[in-house]
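Asks: If you read the protein sequences in the order shown, they are chains A and B.
With the first sequence counted from 1, adding 61 to any position gets you my numbering.
With the second sequence counted from 1, adding 61 to any position gets you my numbering.
Be aware that a few hints might be false.
Stretches of chain B that chain A covers, calculated by requiring three or more beta carbons in the stretch to come under 8 Å of a beta carbon on chain A [what the hints assert, rightly or not]:
1) 91-105
2) 123-132
3) 161-168
Pulled a few chain A residues facing chain B out of the computed Cβ check, cut under 7 Å [said to hold, decoys possible]:
4) 79
5) 95
6) 98
7) 106
8) 134
9) 161
10) 163
11) 220
12) 224
13) 241
Rather than coming from a laboratory, the hints here were simulated on the basis of the structure.
A virtual CB, placed ideally from N, CA and C, is assigned to each residue, including glycine.
2 protein chains.
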Amino acid sequence: MSKDKQFVTEITPQGEDFSRWYIDVIKKAELMDYSPVRGCIVFRPEGYELWENIQRDLDRRFKETGHRNAYFPLFIPESFFQKEKEHVEGFNPELPWVTEAAGEKLEERLAIRPTSETMFGHMYAKWIQSYRDLPLLINQWANVVRWEKRTLPFLRTSEFLWQEGHTAHETEDEAREETMRMLTVYREFVEEFLAIPVIEGEKTPSERFAGAVNTYSIEAMMKDGKAVQAGTSHYLGTKFAVAFDIKYLDRENTLQFAHTTSWGVSTRLIGAMIMVHGDDRGLALPPKVAPTQVIMIPIGPAKTRDQVVGRVDELYADLKKAGIRVKVDDRSDVSPGWKFNEYEMRGVPLRLELGPRDMENGQVVLVSRVSGEKRIVRQENLLAEVETMLADIQRDMYEKAKKFREDNFYDVETLDEMKASMEEKRGFVLAGWCGSAACEKQVKEETGATSRNIPFEPEKKKSKCLVCGEHAEHTVVFARAY
Amino acid sequence: MSKDKQFVTEITPQGEDFSRWYIDVIKKAELMDYSPVRGCIVFRPEGYELWENIQRDLDRRFKETGHRNAYFPLFIPESFFQKEKEHVEGFNPELPWVTEAAGEKLEERLAIRPTSETMFGHMYAKWIQSYRDLPLLINQWANVVRWEKRTLPFLRTSEFLWQEGHTAHETEDEAREETMRMLTVYREFVEEFLAIPVIEGEKTPSERFAGAVNTYSIEAMMKDGKAVQAGTSHYLGTKFAVAFDIKYLDRENTLQFAHTTSWGVSTRLIGAMIMVHGDDRGLALPPKVAPTQVIMIPIGPAKTRDQVVGRVDELYADLKKAGIRVKVDDRSDVSPGWKFNEYEMRGVPLRLELGPRDMENGQVVLVSRVSGEKRIVRQENLLAEVETMLADIQRDMYEKAKKFREDNFYDVETLDEMKASMEEKRGFVLAGWCGSAACEKQVKEETGATSRNIPFEPEKKKSKCLVCGEHAEHTVVFARAY
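Produce the complete structure using the sequences and hints provided.
Replies: Listed below in C-alpha cells is the structure:
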C-alpha cells in the first residue's frame, strides 16, 4: 500500500500547479524527454505512438478529400523569404540558419523551414501551366523549426512535427471552399478522434498567419481554462501566387494568378489532448487515439494464478484478433493495485480484471479510466461489451470536456467585467469588439488574454465593443493561450 | 499516332545512355523534380507514394520484431560528434551547420543529423539503468542530410528520407543476433516487396559504417550492371556505449556497458527499384509497391461508350472494395493507344481493357506491363484473376531480375581478368581477397569497382587474392556502385 500511495503523490495535483502537473504526467508516462538541444524534445515511443495514431486517421481524411502526400526540402534559400513581405516579417525572428556545409561557407544562407509556403510556391509555379493542372492538392508530413524563446513540451517546441497542406485553385471561390473544407476536416477529427470540443472561427487581423488574407482556427479549452489553437486553415488569396509567379491559362486562354490555401496541425495536439482529459491520477486517453485501449489484469491468489492467466490469454487473443489494441500485464512481482494505478496514470481507457470468482461465474470486470464505472459482463459477449464501453468512454470524454468548456465560458460587456472575470475565474470570455487593433491590444495588455477567434456560431451576438463601447463589428472569444 | 510515337522517343533508350534513361523516366513519370536547393529533390506525389508503401510494409515488419517508433531531434550539438572518434572522422566532411538562430550566433554549432547514433546514445544513457531496461528497441522515420558533392535523384541526395533503428542489449550475442535479424528483415522485404534479389554479406573494414565493429549489407544489381547498397545493419559493439556512457546493472548487480546496433534503409530503395525493373518504355513497378496496381481503360466507338464505361465502373467498384489499388481512365479526348503508352511509362503493372465485344462475351482483357502477356478472363472471376495475375507479375519480376544478375555475374582469378571483365562486360565480379587494404585499394584504382561485400553464401570459395596471389581470406563481390 505504501508503494501505491507514493505513486499517487508523485504527480502534482492540477489544482496546486497545473503546469507542474502537466510536466509530471508527460514525463512519468514516458511520452517525452528533454533533449540536449535547446527547446527540442524527444518523442518517446509512448508519445510518438499517439502521433502515429493521429497521423493515420488524419491522413485518411486528407486522402478522402482528394489530397496526396509529397515531400519538399528542409532548407529554404534566404531569397525565398524576401519574396513575400509579410511572410518574411512574420517568420524572420524565429529562423535558424545553415551558413556552412562540408567545411565551406555557403554563398546564400539556408533557413530550416518554419513552414513551406515559399518552397511550394516556387515548385507550383513550375508545375502549373493551365487550368487543367488545377486544383493542385498536396499535403506534406514533416518536421519544422521555429526558434522559440519559451518552450513547453508538445505545445511549443523549437522543432516539431506537423502536416502542412498547400493547394492551388482557379478561382477565389474554390480556394475559399477548400479553406473551409479543411477547417471542417480538422474540427471533425479533433472532436471525433481526440474527443476535444472546439470553437471554429476566423482569426482577427493581428493573429493572422503571416501572408494570409484570412486565417481560420479551431480553439480548444484546457483544464486550466487556457486556450490552445488546435488547427489553422488559411486563404492566401493571390499573395503567394504573385510572389512566386504561380500563373495558369484559364478556360478563356487568359493568364491568371492561382488562388492558394494552406492548413496545418501539429504535435501540439498531443499536448492539448493531455490538458483537456488528464486528471490528478495522470493521463486519460480517448480510446480512438490510445496506443493501448484495454489493459487486462489477472487477479487472485497464487494457487489459481495459472488458471486465471490462461483464461486471460484466451480472451486477449479474441480481442486482439478483432483489432482491439489490448495488452496483458501478468507480472507476479507487482500487486494488482499497483498495476491499477500504473495504467490509470498512463491513461489506458479500459481495464479488464479477471479473478477466480469471475472464472467460476464466466464473467469479467470492466472499469472505465475516466468515470470509474464498473461493468460486470459475460465472457461470451466480451468483444461487443468492450466495443460498447470504449465507444461510451469516447463519447463521455467529449461530453465531459464540452461541459467543462460551457461551465467556464463567460459573457462580458466591458473591459472591467472581463478583468474581473479573468482574475476570479479561469476560462474563455465572449465579448463585443469594434474591430480596431488598439482595442484588441488594450485587452491583451490589461488582461493577458488574446483574441482567439471570431466564432462562426457565437452563443450570442454582442452589440458593443468591450473597450471603447462603440458598435461591435464582431463577437470575439478571448482567452489566455498556450 | 504521331502523339504515341513522339511519346516513346522522349525517353532515352537504356542501351544508349542509362543515366539519361533514368532521369528521363523519373521526371516524365513525375516521381520527382529538382529543387532550388543544391542536391535536394522534391518527392512528387507519384514518387512519395512509393515511399509511403515501402514505409507501411517495413514498419509492420519492424513492429512484428518488437520495435517501436520514436522521434529524436534534427539538430546534433557539435560536441556529440567528438565523442566517437571514427564517427566524427566519417561524417565531418558531409555536415551542414546551423550557426545562427533567431538573429543570434549560437554558442555551439548544431549539425543537421546525418544519422543519429550520437543522439540516441545520449538519451539511451539516461534511460538505461538496469538489465530490466534491455533490450531497448527503437526505430525512427526521419529526414537526414549529408552534403554530397555528386548527387543523383533518390540514389544520392543531400537530404533524404530514411529509417534508422537503434537498439541496446545486455550481451554481444544478443546484439549480434539483432544485427542479423534486421539484415534478414531487409533482405526479405527487398526481395518480397520490391522484387529485387540481393546479396547478403559483410562489408570489408574500409567500407564499414563510421564507428561500427561490423557492417553487413544487402547489395542489388542495377540494369547497367552497377551495384546499389540497399540496406545496412551494424553491430556497434560497446563503442557508442563507452562514448556516451550507456551502462546498466547486470543480473549480478555489476555495471556493464550495453552492446548496441543500428540499421537503416532509405529513399534510395526507390532509385534501385526503378533501375532494376524499368525498361525503354519507362517505369515498371512491382504490384506490391505500385500506387496504382490496375489501370482500367474502356475502349470502342462513341456509340457504345456509355455502356462500356458503366460496366467498367461496376468492375472498378468490385476491385476497389476488395482492396486492389485500381483506377479508371475514361477520358474521351485521348486515344486508348495513348493511354496504353502512358500507363506503361508510369509502370502500372496490370492493364484492364473492356470493349463492346468483351461486354457481349462477359469478359475483359488483362495485359501485363512487364511481359506483355494477355489473359482474356471472365468478368465474374475478375477479382481472383486480377489477384493471380498481380502475384504472377510480382514473382516474374523477381525471377527476371535474378536471372539478369546471374547472367551478369563473373568469376575472376586475377586483377587482369577482372579489368578485362569490367571493360568488356557490365556486372558483378566474384574474386578472392587476401584481406589487405592495399590490395582492395588497387582494385578500386585500376577498375573503378569497390568491394560490395563478403557474401554469406558465395557461389564458390576463392583460394587466392586476385591482386597479390596470396591466400584468399575472403571471397568478395566487387562492382562499380551508385
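Asks: Go through the numbered hints given earlier and state which of them the structure violates, listing their numbers in rising order.
Replies: 4, 5, 12, 13
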